[in-house]
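Guided by the hints, dock chain B onto chain A, whose structure is given.
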Amino acid sequence: MTQDRNVHDTALGTLAEQLEARTAPGELPSGHRLRQAFERLVLTNPKGAIEALEAHPAEISGSGADLGNVLGRALLERKLYGEAARLLHLVRRTKLVTDTAICIRLAKALAQEGDREGAAQALMTALAIDAACLPAMRALYEIAAKAGNSDQASRWLARMAEADSSYPTASYVYRERQRLPRRQGRTVRIALLSSYVLDWLIPYLDAECRKTGLEPEFYVAPFNQYTQQVLNSTSDLYQFKPEVVFLALGLEDLCPEAVAPAKNEELAGARRTTVEEVLGLVQAIESNSKALTVVHSFSALGRDARGILQNRLANSLPQWLTSLNDELAGALRTHERSFLMPLEAVVEWVGRERSHQPKMLYMASMRMAEASLPELARYSMRYVKALMGLTKKCVVLDLDGTLWGGIVGEAGAEGIALGPTAPGIEYVDFQRALLGLTRRGVLLAVCSKNNPEDALPVIRTHPHMVLREEHFAAMRINWKNKADNVAEIAEELNIGLDSLVFVDDNPNERELIKQLLPEVLTVDLPRDPSLYRRMLEDMTDFDLLALTREDETRVAKYQSNAKRRAEQVTAASLDDYLRSLEVKVDIRLAPRDSLGRVVQLFNKTNQFNLTTKRYQAEDVSRFMESEEYRVYDLRVADRFGDHGLVGTAVVRTQGEEWRIDSLLMSCRVMGLGVETAFLERIYCDAVRERVVRLVGEYVQTKKNQPVKEFYDQHGFSLLADDNGRQEWMLDVAASPIKKPSWITNGTGEVKS
Amino acid sequence: MSVEEVVARVFNLDASEVTDQSSNETIAEWDSMGNLSLVAGLEEEFKVSIAIADAMEMTSVQQIKRMLQEYGVTL
Numbered sequence: 207m208t209q210d211r212n213v214h215d216t217a218l219g220t221l222a223e224q225l226e227a228r229t230a231p232g233e234l235p236s237g238h239r240l241r242q243a244f245e246r247l248v249l250t251n252p253k254g255a256i257e258a259l260e261a262h263p264a265e266i267s268g269s270g271a272d273l274g275n276v277l278g279r280a281l282l283e284r285k286l287y288g289e290a291a292r293l294l295h296l297v298r299r300t301k302l303v304t305d306t307a308i309c310i311r312l313a314k315a316l317a318q319e320g321d322r323e324g325a326a327q328a329l330m331t332a333l334a335i336d337a338a339c340l341p342a343m344r345a346l347y348e349i350a351a352k353a354g355n356s357d358q359a360s361r362w363l364a365r366m367a368e369a370d371s372s373y374p375t376a377s378y379v380y381r382e383r384q385r386l387p388r389r390q391g392r393t394v395r396i397a398l399l400s401s402y403v404l405d406w407l408i409p410y411l412d413a414e415c416r417k418t419g420l421e422p423e424f425y426v427a428p429f430n431q432y433t434q435q436v437l438n439s440t441s442d443l444y445q446f447k448p449e450v451v452f453l454a455l456g457l458e459d460l461c462p463e464a465v466a467p468a469k470n471e472e473l474a475g476a477r478r479t480t481v482e483e484v485l486g487l488v489q490a491i492e493s494n495s496k497a498l499t500v501v502h503s504f505s506a507l508g509r510d511a512r513g514i515l516q517n518r519l520a521n522s523l524p525q526w527l528t529s530l531n532d533e534l535a536g537a538l539r540t541h542e543r544s545f546l547m548p549l550e551a552v553v554e555w556v557g558r559e560r561s562h563q564p565k566m567l568y569m570a571s572m573r574m575a576e577a578s579l580p581e582l583a584r585y586s587m588r589y590v591k592a593l594m595g596l597t598k599k600c601v602v603l604d605l606d607g608t609l610w611g612g613i614v615g616e617a618g619a620e621g622i623a624l625g626p627t628a629p630g631i632e633y634v635d636f637q638r639a640l641l642g643l644t645r646r647g648v649l650l651a652v653c654s655k656n657n658p659e660d661a662l663p664v665i666r667t668h669p670h671m672v673l674r675e676e677h678f679a680a681m682r683i684n685w686k687n688k689a690d691n692v693a694e695i696a697e698e699l700n701i702g703l704d705s706l707v708f709v710d711d712n713p714n715e716r717e718l719i720k721q722l723l724p725e726v727l728t729v730d731l732p733r734d735p736s737l738y739r740r741m742l743e744d745m746t747d748f749d750l751l752a753l754t755r756e757d758e759t760r761v762a763k764y765q766s767n768a769k770r771r772a773e774q775v776t777a778a779s780l781d782d783y784l785r786s787l788e789v790k791v792d793i794r795l796a797p798r799d800s801l802g803r804v805v806q807l808f809n810k811t812n813q814f815n816l817t818t819k820r821y822q823a824e825d826v827s828r829f830m831e832s833e834e835y836r837v838y839d840l841r842v843a844d845r846f847g848d849h850g851l852v853g854t855a856v857v858r859t860q861g862e863e864w865r866i867d868s869l870l871m872s873c874r875v876m877g878l879g880v881e882t883a884f885l886e887r888i889y890c891d892a893v894r895e896r897v898v899r900l901v902g903e904y905v906q907t908k909k910n911q912p913v914k915e916f917y918d919q920h921g922f923s924l925l926a927d928d929n930g931r932q933e934w935m936l937d938v939a940a941s942p943i944k945k946p947s948w949i950t951n952g953t954g955e956v957k958s
Numbered sequence: 005m006s007v008e009e010v011v012a013r014v015f016n017l018d019a020s021e022v023t024d025q026s027s028n029e030t031i032a033e034w035d036s037m038g039n040l041s042l043v044a045g046l047e048e049e050f051k052v053s054i055a056i057a058d059a060m061e062m063t064s065v066q067q068i069k070r071m072l073q074e075y076g077v078t079l
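Chains as they are written, first to last, in this note's numbering: chain A, 207 to 958; chain B, 5 to 79.
With the rest of the complex left out, here is chain A (with noise of 0.2 Å):
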């Protein structure tokens, strides 16, 4: 880093100065010049260094990508750790460091010297600057152990479980749980028994139960006893009293010949013999314990030795071993508490060549490797979900963006993407898949923000809507906020919340149900819509164990009696909702860069929209070059990301009075409380311009329901109202307004 040519070179030197003592010039050099004098500031007085980056952050990290890091390498070499923590914090403004190996440095230091607190503060910001960063779990996990919060705790080994399904994470998180208090929870006896090394799995499995909150408890066989141990009514396994029993045998193991290449007449003979044997074991659990058992089916892990000519022949290796699992599902038919398990499935979904590793089964006994054991967890998890009684009932469905693309309330139900030709094929399919659930006996219902008279039509006559208002057991289709919507559909279909999947595109609707129903799953559907029908397959929820006719015909019961009920809005906790939304906004007079986007929202935006004026670019230029009118843009962004410039509002000035001509937002912006914050702006300029009446007007459509009681929600009282054609007045001295405490200004990505 030292770099000797620099030492001499006394114009640079006073550039350092300059920096050190903030004192640069207004324009500082650009490019390798900056990066030479703050590199040799590091070197000779980094507390300055970091001194300049506070002023300069954006021209000093331009000039370096890495200079943030240089810095931090430095401060931390040097045991300067309140100034590393400094540079630190700047990270939440200006992505000056990205390296989180120095978070953990420093963390690891603070750690030593006491200061927990900072500690976690450095890590925190490890995962602000890489949100998968497993040391910096890692570290929080054991702060939080060490600090006795096994809460905390555990919420870190979750996150650590999610973040890598790798073995060494998994198994680290599996033994650190252990160590933690038990909680309180429904727990759950599961049994391994198979005729090769299985036990990688437990960890795997382990994290699956906590996921759905059951704590599990597991035996697993000694390696290659499972028939000992079944056979054996006083054995471990019977006095573990197991719950469910997972039976995993190796076609190798059970059926040499199979393998050895065979013959014709030996491998008929070999499926009868392996079917039998598997049966017997059956069997014996069944009589011996209570327990549901789950035969895994058998695969092979060669391929046939005929090459091409396998299916010239009888009896190949594929053929054979499907009429093998065939015959055994055929014969578990009639166990009631016995289930066939399809590891093809598993081996499918995650490829044969990483499923079945041959160094891995010659090393380690390890039938299935690594990176198939999540995949093999998740699939045996439905078996244990489905007996515990934790299948879903109810999947509670968005309309706009998520049963067909687009908004219906814009562009009517011609305008939305849903046909036989993409984009608008993958939401038919999508509703294909979700029709295929109720068959299962899984309930649907509607939760939508919407205008009945838009979003109904849609469903009953659009020609390519899939699900029908039969298909629906219950529908909210209103402004009301979803989570109370939500909690009357569980009400009206008498199912609990925890029975209840919500489905949404909309990440705000999904951090409402996150936050305030968490016992609802709320999934979280993919950004690309083609990924719908997937995402649903996928989910490992809506098992059964067996299917009755009430589960056949719940959909047509429900949806005979379905009714609505009112319910009063928990105004606390919503307010908790918004406020960890984060929503900053960001008011201008609209520059003439707006113009195009501005002049869209007027022709586009219907539903939150006073007037519906259609104002083309030349009204809305003049507007911005006069005198007498203010157009005004709004930009919105939230913890979940920057929505743009989603309003705007024209007002005429007549002297004492501002008149508001316009004012419209875009519909995914709605009921965050921000047109209030673009009102009180608005309202404030009056106050700054002596303005005496605010004058609000308002146009009755088909469409803007949704903002019709919006100035009598202000304050404003009605002057006139002519057919719909409405003026509402407000006395600016005896009535203010303010935009609601969780929205802050500034949207800290928008250069004004």
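Incorrect hints may have been included.
The list that follows gives simulated cross-link-like pairs (lysine to aspartate or glutamate, EDC-like), each with its CA atoms no further than 20 Å apart [unchecked claim]:
#, chain 1, residue 1, chain 2, residue 2
1, A, Lys-686, A, Glu-915
2, A, Lys-720, A, Glu-368
3, A, Lys-565, B, Glu-61
4, A, Lys-720, A, Asp-782
5, A, Lys-599, A, Asp-690
6, A, Lys-914, A, Glu-903
7, A, Lys-944, A, Glu-788
8, A, Lys-720, A, Asp-781
9, A, Lys-285, B, Glu-21
10, A, Lys-599, A, Glu-492
11, A, Lys-417, A, Glu-725
12, A, Lys-301, A, Asp-357
13, A, Lys-565, B, Glu-48
14, A, Lys-720, A, Glu-676
15, A, Lys-819, A, Glu-915
16, B, Lys-69, B, Glu-49
17, B, Lys-51, A, Glu-559
18, A, Lys-314, B, Glu-9
19, A, Lys-314, B, Glu-47
20, A, Lys-301, A, Asp-272
21, A, Lys-565, B, Glu-21
22, A, Lys-914, A, Glu-886
23, A, Lys-686, A, Asp-711
24, A, Lys-352, B, Glu-48
25, A, Lys-496, A, Glu-423
26, A, Lys-565, B, Glu-49
27, A, Lys-565, B, Glu-9
28, B, Lys-69, B, Glu-9
29, A, Lys-819, A, Asp-927
30, A, Lys-909, A, Glu-886
Since the hints were made in silico from the structure, they are not lab data. Only a predicted model underlies this, so the values are computations on that prediction, with no experimental measurement involved.
Here is chain B on its own, set in the frame of chain A:
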């Protein structure tokens, strides 16, 4: 990635914590299964397939480096 970094990634450590002397004695997760994960990690990173006999000998970072050089990996 260096051998140290692979070891650190496999066992969720910070790379600065891993040295030539790091071994299955000093890293708790480096048990027999951990060793298999490490084999997989090294194979992926250095594009080699490590023979079982060699894999079973893997006990320290220093020793892994020596072994990888035999596979023609330049470190």
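Status of the hints after comparison with the structure:
1. Lys-686(A) <-> Glu-915(A): holds (14 Å)
2. Lys-720(A) <-> Glu-368(A): holds (17 Å)
3. Lys-565(A) <-> Glu-61(B): Status holds; Cα separation ~14 Å.
4. Lys-720(A) <-> Asp-782(A): Distance of about 12 Å is within 20 Å: holds.
5. Lys-599(A) <-> Asp-690(A): Holds. Lys-599(A) to Asp-690(A) sits at ~19 Å (cutoff 20 Å).
6. Lys-914(A) <-> Glu-903(A): With a Cα-Cα distance of about 11 Å, the restraint between Lys-914(A) and Glu-903(A) holds, given a limit of 20 Å.
7. Lys-944(A) <-> Glu-788(A): holds (17 Å)
8. Lys-720(A) <-> Asp-781(A): holds (14 Å)
9. Lys-285(A) <-> Glu-21(B): Holds. Lys-285(A) to Glu-21(B) sits at ~17 Å (cutoff 20 Å).
10. Lys-599(A) <-> Glu-492(A): The hint is violated at about 29 Å.
11. Lys-417(A) <-> Glu-725(A): It holds: about 12 Å lies between the C-alpha atoms, which stays within 20 Å.
12. Lys-301(A) <-> Asp-357(A): At roughly 31 Å apart (the allowed maximum being 20 Å), Asp-357(A) and Lys-301(A) break the hint.
13. Lys-565(A) <-> Glu-48(B): holds (14 Å)
14. Lys-720(A) <-> Glu-676(A): Not OK: Lys-720(A) and Glu-676(A) at ~28 Å, beyond 20 Å, violated.
15. Lys-819(A) <-> Glu-915(A): Since the Cα atoms of Lys-819(A) and Glu-915(A) sit roughly 18 Å apart, the hinted pair holds (cutoff 20 Å).
16. Lys-69(B) <-> Glu-49(B): holds (13 Å)
17. Lys-51(B) <-> Glu-559(A): The given pair, whose Cα atoms are some 16 Å apart, holds under the 20 Å limit.
18. Lys-314(A) <-> Glu-9(B): holds (19 Å)
19. Lys-314(A) <-> Glu-47(B): Distance ~31 Å between Lys-314(A) and Glu-47(B) Cα, so the pair is violated.
20. Lys-301(A) <-> Asp-272(A): With Cα atoms ~10 Å apart, Lys-301(A) and Asp-272(A) stay inside 20 Å; holds.
21. Lys-565(A) <-> Glu-21(B): The hint is violated at about 29 Å.
22. Lys-914(A) <-> Glu-886(A): The hint holds at about 19 Å.
23. Lys-686(A) <-> Asp-711(A): Roughly 17 Å between the alpha carbons, so the hint for Lys-686(A) and Asp-711(A) holds.
24. Lys-352(A) <-> Glu-48(B): violated (36 Å)
25. Lys-496(A) <-> Glu-423(A): Judged against 20 Å, a Cα distance of about 16 Å means the pair holds.
26. Lys-565(A) <-> Glu-49(B): Holds: Lys-565(A) and Glu-49(B) sit about 17 Å apart, inside 20 Å.
27. Lys-565(A) <-> Glu-9(B): Violated - the C-alpha atoms of Glu-9(B) and Lys-565(A) are around 23 Å apart, more than 20 Å.
28. Lys-69(B) <-> Glu-9(B): holds (12 Å)
29. Lys-819(A) <-> Asp-927(A): Status holds; Cα separation ~18 Å.
30. Lys-909(A) <-> Glu-886(A): violated (25 Å)
Hints 10, 12, 14, 19, 21, 24, 27, 30 from the earlier list are contradicted by this structure; the remaining hints agree with it.
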